[in-house]
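Participant: Sequence:
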Amino acid sequence: MFDLLGLSAQHETIYRAMLQRPDLNVAGLAEHLGVPRDQVSEALDVLADLALVRLAPQGDQARAVRPQAGLTALLARVEAEVAVRQRQVEETRAAIAAIATAHDECHQVTEGRVLDGVDSVRDRLVELAHAARSECLSFTTGAAQSPDTMEAEAPLNQQALQRGVRIRNVYQESLRNDPGTLAHARWMTRLGGQSRTTPTLPMRMVIVDRATALVPLDPGNPRQGALELRSPGVVAGLIALFEQVWLSATPFGEQAAADEQGLTPQERELLRLLSAGHTDESAARKLAVSLRSVQRMMTSLTERLGATSRFQAGVRAADRRWV
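Residues in the sequence shown are numbered from 1 upward in steps of one, following my numbering.
Treat the hints with care, as some may be off.
Unchecked claim - Computed beta-carbon distance windows for the label pairs:
1) 152 <-> 256: 26 to 32 angstroms
2) 82 <-> 259: 22 to 28 angstroms
3) 275 <-> 183: 47 to 53 angstroms
4) 290 <-> 96: 25 to 31 angstroms
5) 239 <-> 66: 57 to 63 angstroms
6) 239 <-> 67: 52 to 58 angstroms
7) 277 <-> 239: 29 to 35 angstroms
8) 96 <-> 66: 40 to 46 angstroms
9) 95 <-> 292: 39 to 45 angstroms
10) 275 <-> 93: 28 to 34 angstroms
The hints are simulated quantities; they were obtained by calculation from the structure and are not laboratory data.
All residues carry an ideal CB built from backbone N, CA and C; glycine is no exception.
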């Protein structure tokens, strides 16, 4: 119990015995506890060094110091050492931040820098996760995250939340169909993260401390890399985009509510995509669902509209202001 104070289990046992039986000398303690006398003597030397006992001049008798004084003093010393260590950690963290800032200033332009390839993006996200102090906002596109990605992100997210960083993430509605991503989102919610879902997202995006944003070089192929942006005006615009999507998204754990026409957000978004000229295939990619799911939704919508063809369904959806 008192390892932190420098006491082994045997030291603690002997100290407790001395408090209970102050009349016992070294030989009496050894007999009382059933341990060799030399072990008691060695333990008393350690306890004396820790100022928990006072040895008599002849060395055969010792008196235990009251725990309110002895143990409390030891704890205070440990707390002081921890405080010094914490200051050293913070100073080291500040030094790392200063070196990182100097490095960034030497290797990037004011507006941002290019991160080539997925590995560069992942490395930069790790750096930003360690540096985050107040907030992390993100869009996560696609129906599922890879197990490797979630496993790598989990400890970083947990550490950030424990430091008091507020994490908000918007997933696509289709994540509810992937057990692994769904379990990860639930785990994040239990830790204090906030998640919402929406049918479509404009792109992947991460914003840290309202100062640094990462967006894909090609929204259609995030593996090409990302652009790191620091321009206050650009970052402010991306934050506004996030907040707009966040307000209209469905809080995680709640079922997406149907609107006054009985349409779910995913159904309404599908109709919007098709009316804008998307094919079933491209609409499926935007919604991060299978082609069969899109066709199944359209069959259901066509039946509810009482239509016999896609064209007639489109006309009736417009008449009813579904699109």
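Participant: Hint by hint, which ones does this structure get wrong, listed from lowest number up?
Facilitator: Violated hints (numbers, rising): 2, 3, 4, 9 and 10; every other hint is consistent with the structure.
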